[in-house]
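Could you build all of it, start to finish, from the sequences and the hints given here?
Quick note, the sequences are listed as chains A and B, same order.
The first sequence runs 1 to 151 under the numbering used here.
The second sequence runs 1001 to 1812 under the numbering used here.
Keep in mind the hints are simulated off the structure, nothing from the lab.
C-beta atoms are modelled at their ideal positions from N, C-alpha and C, and glycine is treated no differently.
Any given hint might turn out to be false.
What the hints assert, rightly or not - Partial chain B-side listing against chain A, Cβ under 10 Å, derived:
#: 1; residue: T1109
#: 2; residue: P1140
#: 3; residue: K1142
#: 4; residue: T1214
To be verified - To list a few chain A residues with every Cβ distance to chain B over 12 Å, as calculated:
#: 5; residue: F17
#: 6; residue: A33
#: 7; residue: S44
#: 8; residue: S75
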Amino acid sequence: MVLQDIRGFLVTLRHFFQRPVTIQYPEEKREQAPRFRGLPALRSDPETGEALCVACGLCARICPTSCLEMHVVPSEEGDRELGEFILRAGRCMFCGLCAQVCPVDAITMSGEYEQSVLDREGLIYVKTELAAIGSQRPSWWEADGGMGSEQ
Amino acid sequence: MTATTETRLVTVTIDGQQYTVPEGMTILEACRMVGIEVPNLCYQPLLRPWGSCRLCTVEILGRRGGLVESCAAQVRDGMEIATKSPACEEARRFVLQLYLIDHALDCPTCDKSGECYLQDNTYYHNVYANPFRRPKLAGPYKHLSQYIDYKWERCILCARCTRVCDEMIGVTAIEVLRRGLEGEIGSAWDMDLQQTTCTSCGMCIAVCPVGALTDRRFAHHPWELDATETICAFCDVGCTLNVEHNRGLVRRITHLWERGLNYGYTCVRGKWGYEEVQHPARLEQALVREGDALVPVNLEEGLDRAAALLASHRGPSFALLAAGDRTNEDLYLLQRFARQVMQSPNVERLATPAQRAVDAALTASFGLPVSTNSVQEVFTHGECLLIVGPNIGEKAPVASYWHAWAELYREATLLVVSSDDFPLFHRADVWLRVRPGTESVVLAAMARIVRDRGLARPVEGAAGLEQLLAALDAIDPAAAAETAGVSLAALERAAVLYATGGRGEGAASAAPSQIQHTLAHAMTGDVYAAALWANNLALLTGNIGRPGAGVVAFRGPANAQGALDVGCHPDWLPGYRPATDATARAELAALWAEASGNGAGAAHVPEAAGLPFGELVEAIERGEVRALYIAANSHAFAPAFDERFLAALERLDVLVVEESFPSPLVERAHVVLPAAMFIEQDGTMTTADRAVQRLRRAVDPPGEARPGWQLAQELARRLGAPWSARHAVHVYQEITRVVPQYRGLTFPRLERGPVAWPVAGSTLPTQQTLRIGQKVPGGGWAVWLGNGIAVSDAWLRLDAPPLAGRVRFCAP
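Here it is as structure tokens:
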């Protein structure tokens, strides 16, 4: 009996000197896999900071749950411009079709996964919030080789 | 080309099926007629073939066959046509591949994507890979005007836009500039279109098969929009509009080709008038006066207040003024409100003196204030057109398109009497550029010349000919030419051409000539005399009761005709029955009592005729009329108010204004009720040439604004009349019973398209429009009254009392 107890503690002892597997969330956060599909976010040109979106509306069109809403306004040049962009994350099923369909890779699935909110209102993201999420970590874009740029 | 030729029929085989089509038709039109779609990019209905896109290629089978452009080749007897053979599919695919070399392919951000002819055909012909490639050329977007953008890299140079601009609109503001790969669409010297002859009608955008010419204010995809077909209410041509809207806002107006009175064409008001409808200044709430200020209240409270104020003013001290751009339903219930609930005969239109003068002149000559013929006759019979009055290209633009078209395609003679400049007038055979206000002098001189040259063919049976001929003695053409500032030779030429239908002196017979005038918009001169001389001229040359002839008067507000039809006139009850006629009043009272239902008892219609506008203003000034209800619609295209009238309004005890915009009337009102505009309500309107058309609600009115008939009904209910219409159709049903001219014009019938009153029968297909003065079976003149469900023998005749002498010459 005693021998079995000691054997058990040996396992514990072995793990005691190994590096811990548990991360100290929320102080510490795990790096997501490159193709992880978090909250869809808006991307801007890393050099000029200009939004990449050309307001074609294909993401809103293809969204299976209609959680994306795009308001387009005519721009000064005669082109179209993004007026407002709304993501109803409560309805989003993170399928990634919006990122796939985007002709200019302006929308991509970010690594953002912390989405708990206190009320449903908080699940509605607007253009500036999505752009802020998108600019958090440029590494998301670099890692995102597979999603948008296939086209 | 001008003579109406007999159409022969030929038999052709299209895709293995035999069809009989009129000779002289192009293959493309024949295919369209029998329902076979032939792909095309540069074909435009009503315009001549162009043949630049090469996509409508079809194969002619047989020994002398081959590939031909179907839009430009005519059908021949016994022709065998294959529209989908491998050879023509291959040819089309090749053409499409060539287009796609330089086409921008920015479909995701292109406004046209989804309804683009090039995109559709690329899919349809399965062009998925292009063997011809080179780097795309890019050019900057050009702002041709505040409305129109041009994107060169999308343009396929089919010249649809320039052809429409030149051949239909008649202004030639844009053309193809330069040649070859540098070719582009633009104005002369790259001027902003607003500084050129452009009328901003937007038809170039409408006909562009790709997204090269785009609406600067539109940034949506077609598939995001819902469409509602309705009628434009900014002038009385009555164009059909396709209102495209989403999220409760109108996004653009598109065009239903070959539909409606306008065949899909619109003017600047039709194309961009919706911006006026959803203008931020629109009134959204009821306002009531508290001291000097107008305080917003909810609609119920506003109606309560209005009813309380009006309750103590029943009888002749109340008057109603209604603008002519309200629907028939609004106007009908408003006049019923005034006559039945308020017991006042004072029902009048809010119109300018010129509009009233034109109506009076038409009444004097033809018995009723209506245009005698349809504008549409330009297409079938138009050989000579006399255009009189202020710039028709601005006042009734779509009618002016038909003039340009008739001039070009029917080789019609165009005569213009106008002081304004419009590109179309430069193409006229004779343009008498008269001094402003001298139209009456010129028309009278033309009548004198017609008489002196022996070209008069006076309409038989019309009274007053001798007096008119005698009155002509006093007219001196030379002096008239002097007064008007035109040459006598030109004046004489115009008179001769008009009298002979453009055939000139010595012709064996005279072709019909139609007068279309916009005198109701005139700011100066004796409008009554001018309009009367126009009528006399038509009567004197036998141009009444003839197809392609007559007088068409454009009177400004979209429903100027309907307002009169439904009784918004001091002298006339609904259906032009005299207000002084006891029988008419008794019948109307009985109908109203029945329509009210639930035993409201006999309605009473006030006995006397009401005060016409001028006397009404005087009565307000004298303090005899103490309460006034004005149903106005002061949008940007409405005429301004008379200063004296506005000053008189200050003297009223009660002024209730139903308005859609802040206006001088609102400033003086005690209660303001917010009114809906045309895109926001169901109903009907009647055009200048009597065509009744259906308006459909596309978007909701802003705030608490409501259609006029609902407001009138709510007020009536508060004043004890149990009216209970739940939809405009209920009001319209009542109109069809009360107004004999509208009998048989049921809502389901109007759903199919415009119908001009009167009609025979309620289910038959629409017959040719009855022309005033047309001979009816059995002799006499048709005067269109009582011609409801019954057939032609119910037409009242001129020789039957009380209508004897209703078509007559009137010496001013």
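Given T1214/B was flagged as interface, is its beta-carbon under 10 Å from a beta-carbon of chain A? holds (7 Å)
Given as non-interface: S44/A, which should sit over 12 Å from chain B by C-beta = holds (18 Å)
Is the shortest C-beta separation between P1140/B and chain A less than 10 Å?
-> holds (8 Å)
>> Less than 10 Å between beta-carbons is the criterion; does T1109/B satisfy it with respect to chain A?
In response: Nearest chain A Cβ about 5 Å off; hint holds.
- Over 12 Å to the closest beta carbon of chain B is the bar; see if S75/A clears it. violated (8 Å)
- request: Against chain B, does F17/A hold up as non-interface, every C-beta pair farther apart than 12 Å?
  value: At roughly 58 Å from the nearest Cβ of chain B, F17/A sits farther out than 12 Å, so the non-interface label holds.
query: Is the nearest Cβ of chain B still more than 12 Å from the Cβ of A33/A?
result: holds (29 Å)
- Task: Using Cβ atoms only, decide whether K1142/B comes closer than 10 Å to chain A, and label the hint accordingly.
- Result: holds (8 Å)
Against the hints set out earlier in the document, a violation occurs for number 8 only.
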